[in-house]
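The listed protein sequences derive, respectively, from chains A and B.
End of the first sequence = 331 in this note's numbering, gap-free, step of one.
End of the second sequence = 331 in this note's numbering, gap-free, step of one.
By construction, these hints were calculated from the structure, which means they are not laboratory data.
Glycine included, C-beta positions come from ideal geometry on N, C-alpha and C.
Some hints could be false.
Unchecked claim - For each label pair, taking beta carbons as the anchor points, the in silico distance ranges come out as: (1) A:Lys262 / B:Pro151: 27 to 35 angstroms; (2) B:Gly21 / A:Lys134: 36 to 44 angstroms; (3) A:Met91 / B:Arg157: 45 to 53 angstroms.
Each chain, letter by letter, is given below.
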Amino acid sequence: MTHVHETPATLLNVDGLTVEYWVRQRKIRAVDNVSFSLDKSETLGIVGESGSGKSTLALSMIRLVPYPGRIIRGKVTLEGEELLKLKNEQMRNLRGRRISYVFQDPMTSLNPVRKIGAHFVELIRTHEPKVTEKEALERGRKILENVGIQPERINDYPHQLSGGMRQRVMIALAIALNPRVVIADEPTTALDVIVQAKILDLLNALRDEYGMALILITHDLSIVLERSDRILVMYAGRVVEYAHSTDIYYAPQHPYTKGLLKSIPNVELSEQTLEAIGGSPPDMLRLPKGCAFWPRCYCATERCREEEPPLTQTGTEHFTRCFPEKKEKNK
Amino acid sequence: MTTTEILRVEQLKKYFPVEKGFLERMLTLTRKFVRAVDGVSFSINRGEVFTLAGESGCGKTTTGKIIVRLIPPTSGKIFFHEIETTAAKHEQLRLLTRKMQIIFQDPYASLNPRMKIGDAVGHPLEIHGIAKGEEKKERVRRILERVGLTPPEQFERVYPHQLSGGQRQRIAMARSLILEPEFIVADEPVSMIDVSLRMTIIDLMLDLRKELGLTYLFITHDLAIAKYISDKIAIMYLGKIVEMGDKNEIFTHPMHPYTQALLLAIPVPNPERKRRIIELRGEVPSAINIPTGCRFRTRCPCPENQCEEKEPDLIPVSPNHSVACFSAQQR
Chain A
1 MTHVHETPAT
11 LLNVDGLTVE
21 YWVRQRKIRA
31 VDNVSFSLDK
41 SETLGIVGES
51 GSGKSTLALS
61 MIRLVPYPGR
71 IIRGKVTLEG
81 EELLKLKNEQ
91 MRNLRGRRIS
101 YVFQDPMTSL
111 NPVRKIGAHF
121 VELIRTHEPK
131 VTEKEALERG
141 RKILENVGIQ
151 PERINDYPHQ
161 LSGGMRQRVM
171 IALAIALNPR
181 VVIADEPTTA
191 LDVIVQAKIL
201 DLLNALRDEY
211 GMALILITHD
221 LSIVLERSDR
231 ILVMYAGRVV
241 EYAHSTDIYY
251 APQHPYTKGL
261 LKSIPNVELS
271 EQTLEAIGGS
281 PPDMLRLPKG
291 CAFWPRCYCA
301 TERCREEEPP
311 LTQTGTEHFT
321 RCFPEKKEKN
331 K
Chain B
1 MTTTEILRVE
11 QLKKYFPVEK
21 GFLERMLTLT
31 RKFVRAVDGV
41 SFSINRGEVF
51 TLAGESGCGK
61 TTTGKIIVRL
71 IPPTSGKIFF
81 HEIETTAAKH
91 EQLRLLTRKM
101 QIIFQDPYAS
111 LNPRMKIGDA
121 VGHPLEIHGI
131 AKGEEKKERV
141 RRILERVGLT
151 PPEQFERVYP
161 HQLSGGQRQR
171 IAMARSLILE
181 PEFIVADEPV
191 SMIDVSLRMT
201 IIDLMLDLRK
211 ELGLTYLFIT
221 HDLAIAKYIS
231 DKIAIMYLGK
241 IVEMGDKNEI
251 FTHPMHPYTQ
261 ALLLAIPVPN
271 PERKRRIIEL
281 RGEVPSAINI
291 PTGCRFRTRC
301 PCPENQCEEK
311 EPDLIPVSPN
321 HSVACFSAQQ
331 R
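Same shape as in the complex, but just chain A (with noise of 0.2 angstroms):
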């Protein structure tokens, strides 16, 4: 792929990322060709609905694709290390210290079983294992303290905590170790807005702080607007448009995305009218011929369902894949 810019600031880089399923002897492309690439202390939010690739474009960046995902090309270059091609045992050395990811569901994640401390203890101890228990306890304190989190509170097990503070504990765990990106994937689907509000301002907080880059995986769109630097939506496993928030939103480009925005509701807002998009998402073991949002789209032509259009550059850093003599029919 070409269109990925790089520059001395680039910090993570995916290359024509492409991870296919087997599914009862077929197969599910759930991510095609995905590139982009994150800056430090940038916040690229992932937006797409159930299905369309994000959560598995995010965890195979960190090799964790469960089976029978494959990762089956592609490249992810972290800091100038390519990550596909490092042996299992680096790579786990590396997941938690210089890249880690926030789950969706803060109550499955934690052990039941184990207080908030041990948790500390384990992530730091097998990545430094010259650190004493006692040391390592310390830390998570301090940590702890840093997400909002009375440092006592790391004697608790996980059901004293309520949801909110155990996505904090979750956020904490993540930085421990002061990694260079974060993946946080629905960080706050679980939660109540005013918790949400401030799981995203902590994020935020903690990205400046640390000098982190910070990639947001959501389904609410209007969480990555207001919250990311550059966005890229998703529609059944391919990019679809990729470019900043400001753009995206004053100027976008893609029908899907157009689509999106006039979905959503804006409080802020007196008077609005909302459109949905017609049609469902689509089937990913029956993915229409030519260009997978065709079915859905309000002004797909002969070609569309033909072949599908390729990712290209349509503005300054703004990429889209549409055909060009369709775009501006659809203004």
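Please arrange chain B on chain A, whose structure you already have, making use of the hints.
Just chain B now, with coordinates in the frame of chain A:
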């Protein structure tokens, strides 16, 4: 639209006893209760969309379930067309419940996986002895067509697992509409549906209201959707309504500090928005130990002395706006 009252709820309460072990039951005299709904009063006019909004655990779903008589209230009265449903029994209750239906949040759990769609939708007709055989089939087809599942002959024969979430929610709508109700409780009907399809369900609800003269009690945690769909909104906190009024009043002049915090926490799809949030202290208290006086005082940014001593009532501050906060009432 005439402003005749269709439903009135007076001082509704629902306390769930906290289950205790055998020994504990023997040794302690006091029984503890979860005060899920703790004195809720409101009324809904014909043709209105009345929204109950609040965070998880505030009692909004319990209120909805009590209204359609799925669970009995601990105390309080409900009037439907001036008939006290809480006192109705047997035959009278059966006739009343025919006019009030409920749609649940999870369309995957609310349909029997072993029942074909045609049978599931037609089942209420048999239970209420309204129609069977060919007439039932005819009615089922008509209603399936009405909720946008065409051709109905095809949908009639499939099982729920063959349908998408959006289609299932339409089935749930069809099933609740087949008895020709006047009043529908919609409990988070779109929260489990893909973003691009949410608006189609909301639009369907609004169309049906116009055509069939329906009245809705809409239950949601998503205030952006609440703003789009409702006429009136009541904000609940820990089992009580803290603020209630016309939609525009609530969104333009929120008076209760909780409402203000809630509104500011909603993500806004605008990359240039400057976020300011109101910090609420701590977490929502447990519904077993509700604070004395004003139940919000433990988290309120500006509590006063009197808040500790007595609980503020929900008092009108303008014709279409009531609030339960001492300092807001004085303003």
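Against the structure, the hints come out as follows:
For the hinted restraint 27 to 35 angstroms between lysine 262 of chain A and proline 151 of chain B, the CB-CB distance of approximately 29 angstroms keeps it satisfied. Between glycine 21 of chain B and lysine 134 of chain A the CB atoms are about 37 angstroms apart, so this pair conforms to the stated range of 36 to 44 angstroms. The supplied range of 45 to 53 angstroms is met by methionine 91 of chain A and arginine 157 of chain B, whose beta-carbon atoms lie about 50 angstroms from each other.
Hint compliance for this structure: no hint is broken.
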